[in-house]
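*Asks:* Given chain C, work out where chain Y should sit, using these hints.
So you can see what is in the structure, the chains are spelled out below.
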Amino acid sequence: MEETPARREFLVELLKLPCSAALVSVLGPVTDAEASAAKEGAEAVGEHYYGMGIQVDKCIGCGRCVEACKSENDVLREPFYFRTWVERYVVHSDGKVTVDSPNGGIQGFEAPEEERDILRSFFVPKLCNHCDRPPCVQVCPVGATFKSRDGVVLVDADYCIGCRYCIQACPYGARYLDPRTKVADKCTFCYHRITKGLLPACVEACPTQARIFGDLKAMSSPLRRMMRMSSLQVLKPALNTEPKVFYSTLDKEVR
Amino acid sequence: MEEHFEKLASILSQVTGFIYPNELEAHWGLLIVIYPYITGLVAGAFILASLEKVFRVKEVEPTYRLALLTALAFLIVAPLPLLAHLGHPERSFEIFLTPHLQSAMAMFGFVYAWYLMVVLLLEIWFEYRADVVGWSRQERGLRKWLHWVFTLGSRDVSPEAVAFDRKAVRTITLIGIPSAFILHGYVGFIFGSIKANPWWSSVLIPIVFLFSAIVSGISLVLLLYYVTSLVRGRAPSMQCLDKLGGFLLYTLILDLSLEVLDFTHRLYESEESIHILSELIYSKLFMSLTIVQLLIGTLGPILVLALVRSSTLPDELRRVAYVIAAMLVQVGIFSTRWNVVIGGQLFSKSLRGLTVYKVEIGGAEGVLVGLAFLILPFLILYALVKILPPWEEARPVEAGVSGMTATK
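Going line by line, the protein sequences match chains C and Y. As numbered in the numbering used here, residues 1 to 255 make up the first sequence, in order. As numbered in the numbering used here, residues 1 to 408 make up the second sequence, in order.
Chain C extracted, bound-state conformation:
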């Protein structure tokens, strides 16, 4: 963080040099999304490193986050396309586990008919984990999917060739091919909102604050507090993707 002004000064000096534009593009390509965010000027790109905390025991499975996400991001309404969804886990007394997510949980969940043999049950909101070591970014043949400097994994829809390798490489099923644009699509942490200092739509809509969004660099923030006060888990840690979506009180049955 301390180095930023010096780096900025260096870049300003560099701009005065002939051919500097080409050099700047070599040093660090500024993406369209980043550029437009910087133009609007609310939040400087690169000063933050975004992440999300999910408190599993607070989720009531109402599906408002799914609805908010679909409305905010113009996600197709058909039940095969989700940037975020909610899963319900029911662990029965005999150890059997049933999982469901009817239409991504957008209309909530119907109560189970027989409750007596249920050992425990809970809801788990899912979304892109914005991995620090994202396998989707690794496999993209043209670099259309990339990790922004503020740690958000994005897709350049004007560059994606629609090969779907990233969809295969994502261990979390967080990506889909939008049949309208024929390019890969996924959660952006509502990049258009967070770069203006707003919260992602799902976080804003959550009635129980099960989702906490924030800057992992900020020392005092609700996200940091949650990370300090809870024991944290991530999904599929053995794959070494280093997710930036952190779960508290996550059950062993969740994959």
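Calculated from the structure, these hints are not laboratory results. C-beta: ideal position from N, C-alpha, C; glycine also. Check each hint, because a few of them may be wrong.
[Said to hold, decoys possible] In silico lysine-lysine, DSSO-like type, Cα no more than 27 Å apart, as pairs:
id : chain 1 : residue 1 : chain 2 : residue 2
1  : C       : 96        : Y       : 284
2  : C       : 236       : Y       : 58
3  : C       : 70        : C       : 147
[Said to hold, decoys possible] Here are a few chain Y residues that sit away from chain C, every Cβ distance over 10 Å (derived from the structure):
id : residue
4  : 156
5  : 166
6  : 295
7  : 345
8  : 376
[Unchecked claim] One-sided excerpt, in silico: chain C residues whose CB lies under 10 Å from chain Y:
id : residue
9  : 56
10 : 78
11 : 95
12 : 105
13 : 159
14 : 172
15 : 184
16 : 218
*Replies:* Relative to the frame of chain C, chain Y by itself:
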């Protein structure tokens, strides 16, 4: 788009267990099955061709030029199913212009260009050059013109020049063998390196791909050699067929051993994915894996070839047996590709459920388009054989030109 949604809705009703909601659609369909099938044939045909040049296996000499042309015909078609499958084929050149160097898929352009330009085209050019000079001297009209262009102005057929051609062919073949390994091993790596998918993620996958490629290439050239001999009214060399049959048997056994090793290893390690993968094998893949790939496509031809080689059958019967074995192998290898590509998308990465894949007849990625991509290489091969006849009797009769490969 409505039609697409209806199809997905019908798949949704057939899902068993739990899958992530975005996982309903198998994103890599029939065309992506055809892609490794075709590149496998390219690599296999080339490796067969190299047997004669590098390892001096004299018996398979009649298939050398045919194998080279077969590899070229299939290599020309190899990228087409990929291109047809892209959401934005018009942006595909970005793979060449701005490749993302960490991506295995981005290497496609380089591997393909290297193999096409440096290996196949160059080897074919050196191999045929002296003959083509002879043809262009004897012919008239379009054929003369075509052959004249093929020589690229290099019309020296002195013994020194022909000896240089021979040396060049051998050197290119030496480079070509690892290149063929890279070409198909790379295709295996595209799947084998996906850690998110336990069906694909295996260090053995590129090796299994390679050996199945060699198996498929040998069997295809065997079939083509047999059919073209019949069409030309000539008896195929039994020595050659016996040798090809032998190689086919040994590579099949190697291929099967690798597959069994992979299977045993997974079963013994018994990681968390083992339950869903067992369910996959016993339900969705039972027909295509156990019956078609293993019984019909692998054990069947091994049995036929082993029986033929351990008995003294008359030539006619042996030939028929080889052809049957080679055809079974093709069916088996196609289902191998199917089981890898489609099988890897039928289970959820939540390891809790299975989905289905519905192949369409029409449509951009349907059976008809797939068939077109499988037939196209044979049409190209037909044209190549017309322009560059691979047969011994088609060689020009001029002194000092003929017998370049035959007299070694």
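*Asks:* None of the hints should be skipped; say for each whether it holds.
*Replies:* Hints and how they fare:
With a C-alpha separation of about 23 Å, the suggested pair residue 96 of chain C and residue 284 of chain Y falls inside the 27 Å cut-off, and the hint holds. With a C-alpha separation of about 55 Å, the suggested pair residue 236 of chain C and residue 58 of chain Y falls outside the 27 Å cut-off, and the hint is violated. Distance hint between residue 70 of chain C and residue 147 of chain C is fulfilled; the C-alpha atoms sit about 23 Å from each other, no more than 27 Å. Listed as outside the interface, residue 156 of chain Y is consistent with that label: its C-beta sits roughly 43 Å from the nearest C-beta of chain C, beyond the 10 Å cut-off.
With a minimum CB-CB distance of about 39 Å to chain C, residue 166 of chain Y clears the 10 Å threshold, and the non-interface call stands. With a least beta-carbon separation of about 29 Å from chain C, residue 295 of chain Y lies farther than 10 Å from that chain, consistent with its non-interface assignment. Consistency note on residue 345 of chain Y: stated as away from chain C, yet its beta-carbon is not over 10 Å from all of that chain's, at 8 Å minimum. Residue 376 of chain Y, annotated as away from the interface, keeps every beta carbon of chain C farther than 10 Å; the closest lies near 21 Å.
Residue-level restraint check for residue 56 of chain C is violated (minimum Cβ-Cβ distance to chain Y is 16 Å; threshold 10 Å). Among the interface hints, the one on residue 78 of chain C holds; its C-beta lies about 5 Å from the nearest C-beta in chain Y, closer than the 10 Å criterion. A distance limit of 10 Å between C-beta atoms decides the matter here; for residue 95 of chain C the minimum to chain Y is near 14 Å, and the interface restraint is violated. Hint on residue 105 of chain C holds. Least Cβ distance to chain Y is approximately 9 Å, under the 10 Å limit.
With a cut of 10 Å, the hint placing residue 159 of chain C at the interface with chain Y holds, because the nearest CB-to-CB distance is about 7 Å. Because the beta carbon of residue 172 of chain C sits about 7 Å from the nearest beta carbon in chain Y, less than 10 Å, this interface hint is met. Here the hint on residue 184 of chain C is kept, as its CB sits about 8 Å from the closest CB of chain Y, short of 10 Å. The interface hint given for residue 218 of chain C is broken, as the beta carbon of that residue sits about 30 Å from the closest beta carbon of chain Y, more than 10 Å.
The structure is inconsistent with the numbered hints 2, 7, 9, 11, 16, although it conforms to all the rest.
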